[in-house]
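Novice: Read off the chains here:
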Amino acid sequence: MSVQATSMNRFLRIFSGPFGALLMLLYAGAVTYLLTLDPRSLLGRLLLFSALALIYFIPQRPAVKFLLGAAIALMIIPAIGLRNPFLLEIGFQIAVFATLALGLNVVVGFAGLLDLGYVAFFAVGAYLWAFFGSQQIWHIDEAPGTFTVFATFPFPAWWFWIFIPLGTLAAAGMGILLGFPVLRLRGDYLAIVTLGFGEVIRVLANNLDKPINLTNGPQGITPIQRPPLPAFLISAELLATLSKWAGRPINENDVYGFFFYFLGLVILGLTIVIARRLDRSKLGRSWTAIREDDIAAVAMGVPLRRTKLTAFAIGAAFSGAMGVLYAANRTFVSPETFSLTASISILVMVILGGLGSIPGVVMGATVVTLLNIDVLQSLSLQLSSLRQGPDSIPLLGIPWKDLPTQLDPARYQRFFFGLLLILMMIFRPEGMVPAQRARLELHEGDAEGIPGAEIEGDITPDEKLAD
Amino acid sequence: MSFILELDKVTKRFGGLVAVSAVDLRIEAGSISSVIGPNGAGKTTIFNTITGIYKPEEGEIRFDGKTIVGMRPDRITAQGMCRTFQNIRLFHNMTVLENIMVGGHTQTPSTAWGAVLRTRRFKQSEEDARQEAQRLLLYVGLPRGLGDQLARNLPYGQQRRVEIARALASKPKLILLDEPTAGMNPQETESATRLFRRLRDELGITVVLIEHDMKVVMGISERISVIDYGQKIAEGTPAEVRKDQRVIEAYLGRHAESTTISMH
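Note that the protein sequences, when read in sequence, are chains A and B.
The opening residue of the first sequence carries number 1 in our numbering; numbering runs sequentially from there.
The opening residue of the second sequence carries number 1 in our numbering; numbering runs sequentially from there.
Heads up, a few of these hints could be off.
What the hints assert, rightly or not - Sample of chain A residues facing chain B (criterion: CB under 8 Å; computed from the structure): (1) L278; (2) A289; (3) I295; (4) V298.
Claimed, not checked - Example chain A residues on the side facing chain B (calculated, C-beta under 8 Å, incomplete): (5) L283; (6) S286; (7) A296; (8) M300.
As the list claims (entries may be wrong) - Calculated from the model, a selection of chain B residues having no Cβ within reach of chain A, i.e. all distances over 10 Å: (9) V18; (10) E28; (11) V102; (12) R120; (13) E132; (14) G236.
No lab work stands behind these hints, which were simulated from the structure alone.
In this text, a Cβ means the ideal position worked out from N, Cα and C, and glycines have one as well.
Throw the hints in and build the complete structure from the sequences for me.
Specialist: This is the structure in C-alpha cells:
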C-alpha cells in the first residue's frame, strides 16, 4: 500500500492495547471538556464526531470499540445535547441519512443497481404518517389554505408505533412496484428510469391537492403528531433536575429532541445489523453475483427477478421506517424535502463512504450531513457576525462588511460536494472505508492482471474497424 | 438406452440469421460427448439455447424426460443442468470460495429471514455450503489456500477449474463445458481432460463439451456431433466422424484431399 497508508497505520498504532484505549478515552474526555466550556463550538463538535470515526479505525478488539463508541453516542452526545440541543438535532439527522444511505447501499452497493430516485421511498414513509398522523384526512375535499385546521386527529398519537412497520412495508411495496418495470434495464437506462420515478413521486406530492387533497400540495402537511412520551419523561421533577444540570430551562420539546435522537439511533442500529447479516448470506452473495455478471449468476441458479426485487424492497424498507420517524420529528412534511438533489446527496454519501461498505456508508452520511447542516452553516454564521463588526480581513485589508454575501460558504454546498467527490475519485476511488472486496480489487489485483482473460466480447467498435 | 438430453429440430434465429437450424441431438445419460465444428458454426448458441439463455423459435428440448423450452435459466439449473462459459464468466471481485458458493445457490436452503435472525438452521446451511465449496475446490485440483483469493487474481487455467467447481456446486446431472481447455498449455489440457473423465467416472455426471482441441475431443468423447452453419452435419464415434466426408469438407474446404482430419 501507499506511504500515506503506512504512516496512518503508525499513527493508529498509538491506540493499541489498554494504554491506547485509555488514550482514546482521554481524547473523548478532552473533547467533552472543550464542549462543556463552549457547547456551541463547531471545532468541538467536529472533534467529537471524528473521535467516533477514529474509534472505528484504531486497533482494538471489537467489543472495546463498541463500548467506546457507545459511550460517545449514548452518554457524551446526550450530555452535551442538554446544553446545546443542536447537537442532538445533528445526531438525529445523521441517523436518518445514514439509514437512508445504508438502504441505498443495498441497491447500489450490493446489487449494483444504480437508483437515482431513492428519496421517493423516504417520501412514501413520510407522507404515510403525514397523512394519517395529521388532520389532513378531514380536509381531503378542500383546497390547500382554504380551511381552518380541525381540532382532533383521526388516529391517536401512539399509532406512530404502528406506522413505523406500516411505513416500512409501504416503502418495500413501492420498491417492488418500481422494481417490476425496470427488471430488464441495466446501468444508464436503469438510472434514468429510477430518476424519473423519484420525480414522479415528488410531483405527485406536489399536485395531489386536487381533485382530492391528499398531500396539501406545495404547502405541505402540518401539524403531524409526535408519539406520546411516557409520563415519567416529562414529569415536573425530571424536567427541573435536567434544567439544573443544563443551566437552562428544559421543556417537553427538549425531551423530544432526546427521544428522536435515541429512536433514530435504534433504527440505524437495526439497519446496520440487518444490512450486515444480509450481506453475509446467500442473498448477499446473490446480489454481488448479479452485480458482477448477471448471466453467469442466472446460469448458476440465482433467480434474477426475485434477487433484484428483494434488493429494491429491502433497500426501500429502511427509508420507509425513517420517513415515518422524520415526519413525526419535523411535524411538517412538504415535497421540497424529496427533490432530486436529496437523492443525489444520499448517493454521494454512499460513494464517498465506499460503495458496498457498511461502516463506510455510515461515515459518508456523517460527513455529508455535517457539511450540509453544520459546518457550512456555522461558517456562514460566523462570517455574517464578522461582517457586522468593524474588523478587516487580515492581509487583504478589506473590511469584512464589504465582503459580498455571494461568498457565503453555505451557498457553496454543492460546490464543496462536487470538489469532495472529484478529489475522492482521484485519490481514493474506493471510498473512505472501502468494502473488503473493493480494497482487494483496487490494490492487490494491480500487479497481476490476467492477459487475455477479458478480451472476448470486450472489443470496442474502433478495434473492430482497425482489423 | 436412456437419454438425459434430447433436442428435436431445434431452431434459433436472430432476425434473418438462422444460427441453429433444426438440430437433433441425443445425449445418453452417463456419457461423455462433444459438439465440434468450425468457428461460428453455432455451437455456443446451442448451449445457450439448451440452458435457457436463448429461447428457440422451433423445436423441443427435453431434459431428463421433461420439456425445458421456455423455462427460466435458473430453473433449468435447479433441474440439474449446469455449465461453464467459453470466455470464463467468474464473479471476478468475489473470492474463489464465494464463487463456488454462488454455484451452490440451489443447494443452499437458507432464507433472508434466517439470515437476519441468524437462526441455527441458517448458520448450519451456510457452514455446509462453505465446506462443500472447500471440498469442490480440492476436487477440481486447486490448492486449499486459494479459497480466499479474488477470482480475478487467479491465472487462466485455475479460473477454468474454479468455473467447473462452481458448476459442480449445483449438483448437476449434466454439465455443459464450453471450450474448457481453450488457452491452456498441453500439460494443463491433459490434466483438465483427466478431470472431465473423473466427473463422469466418479460423480456419474453426463459431460458434454464444445471443444476445438481435436486431441481432447478424439481422446475423451464417446460420441461426437459436428455442427456447421447451424446444422448438424455428422454424428458418431470419433472413428466414424474422422472419416466422414462432410466433416472433412467443413474443416478443410470442399476440394481438400480426402485424408483424415489433421491432429494438432
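Novice: All hints, please: hold or fail.
Specialist: Status of each hint after checking the structure:
1. Taken as an interface hint, L278(A) checks out: its beta carbon lies about 6 Å from the nearest beta carbon of chain B, inside 8 Å.
2. Checking A289(A) against chain B: minimum C-beta separation of about 5 Å stays under 8 Å; hint holds.
3. Hint status for I295(A) relative to chain B: holds, with the closest Cβ pair at about 7 Å, below 8 Å.
4. For V298(A), the shortest C-beta to C-beta distance to chain B is roughly 5 Å, which falls under 8 Å, so the interface hint holds.
5. Annotation: L283(A) was flagged as interfacial toward chain B, and the flag holds, the nearest CB pair being 5 Å apart, inside 8 Å.
6. Using the Cβ-Cβ criterion of 8 Å, the hint placing S286(A) at the interface with chain B is satisfied: the shortest such distance is roughly 7 Å.
7. With 8 Å as the threshold, the beta carbon of A296(A) comes within range of chain B, its nearest partner Cβ sitting at about 4 Å, so the hint holds.
8. Hint on M300(A) holds. Least Cβ distance to chain B is approximately 5 Å, under the 8 Å limit.
9. The Cβ of V18(B) lies farther than 10 Å from every Cβ of chain A, with a closest approach of about 22 Å, so its non-interface assignment holds.
10. No Cβ of chain A approaches the Cβ of E28(B) within 10 Å, the least distance being about 23 Å, so the stated non-interface status holds.
11. Annotated as non-interface, V102(B) brings its C-beta within 10 Å of a C-beta of chain A; the closest such distance is 5 Å.
12. The Cβ of R120(B) lies farther than 10 Å from every Cβ of chain A, with a closest approach of about 14 Å, so its non-interface assignment holds.
13. With a minimum CB-CB distance of about 13 Å to chain A, E132(B) clears the 10 Å threshold, and the non-interface call stands.
14. Look at G236(B): its CB is around 30 Å from the nearest CB on chain A, clear of 10 Å, so calling it non-interface holds up.
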